[in-house]
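Its first residue numbered 548, the sequence shown is counted upward by one per residue in our numbering.
If you're looking for bench data, these hints aren't it; they were derived computationally from the structure.
All the pointers check out, no bait thrown in.
Distance windows between CB atoms, simulated:
1) PRO641 to ALA578: 23 to 31 angstroms
2) PRO608 to GLU560: 35 to 43 angstroms
3) SER705 to LEU648: 30 to 38 angstroms
Since the structure is predicted, the reported quantities are computational estimates derived from the model, not experimental observations.
Quick reminder that beta carbons are idealized off the backbone N, C-alpha and C, glycines included.
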Amino acid sequence: MSQYTFLREAEGEKPDLSFMRFGVVTTEWNAHIVDTMLAQVRSTLAEYGVPENNITVRRVPGSFELIYGCAQLAQRGYVDAVIALGCVIKGDTPHFDYICLGTTEGLVRLNATGKVPVINGVLTVNDEQQALDRAGEKMNKGREFAMTAVKMVQFVQSFE
Numbered sequence: 548m549s550q551y552t553f554l555r556e557a558e559g560e561k562p563d564l565s566f567m568r569f570g571v572v573t574t575e576w577n578a579h580i581v582d583t584m585l586a587q588v589r590s591t592l593a594e595y596g597v598p599e600n601n602i603t604v605r606r607v608p609g610s611f612e613l614i615y616g617c618a619q620l621a622q623r624g625y626v627d628a629v630i631a632l633g634c635v636i637k638g639d640t641p642h643f644d645y646i647c648l649g650t651t652e653g654l655v656r657l658n659a660t661g662k663v664p665v666i667n668g669v670l671t672v673n674d675e676q677q678a679l680d681r682a683g684e685k686m687n688k689g690r691e692f693a694m695t696a697v698k699m700v701q702f703v704q705s706f707e
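Construct the complete structure from the given sequences, taking the supplied hints into account.
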């Protein structure tokens with residue numbers, strides 16, 4: 548399933564999520580890319596009626612710190628889903644591999660054991676152009692991450 552199919556399927560009938568609260572934790576690293584995705588997340592959630600004051604945004608230094616930041620938002624009980632936004636661009640050392648693996652494992656652990664869904668919105672790319680392409684309007688990963696959060700909130704609601 549391509550990202551474009553995913554978005555089309557998710558955008559059928561839009562539920563009213565005006566009462567839902569979302570947390571977004573972003574990184575300082577590659578802020579020009581991450582902030583583009585954050586704007587896409589905000590605009591997508593607004594389409595579903597989520598007021599701006601129901602979106603809590605916190606910034607942490609880097610991708611490893613996303614795990615702690617997301618855990619804090621999720622554990623405090625005032626959000627229904629958390630979206631982690633970051634961008635790790637491959638360099639010349641194995642540091643990229645350690646950051647990507649550690650961040651992914653940490654976010655997966657939070658998602659599997661936490662009380663609210665945690666969405667992994669961390670781009671892992673070979674170069675800045677790949678990141679710009681994914682964060683830009685063509686691929687619109689920020690929107691995709693927001694849609695994943697919306698679908699997971701709906702999933703949780705289906706048990707209530």
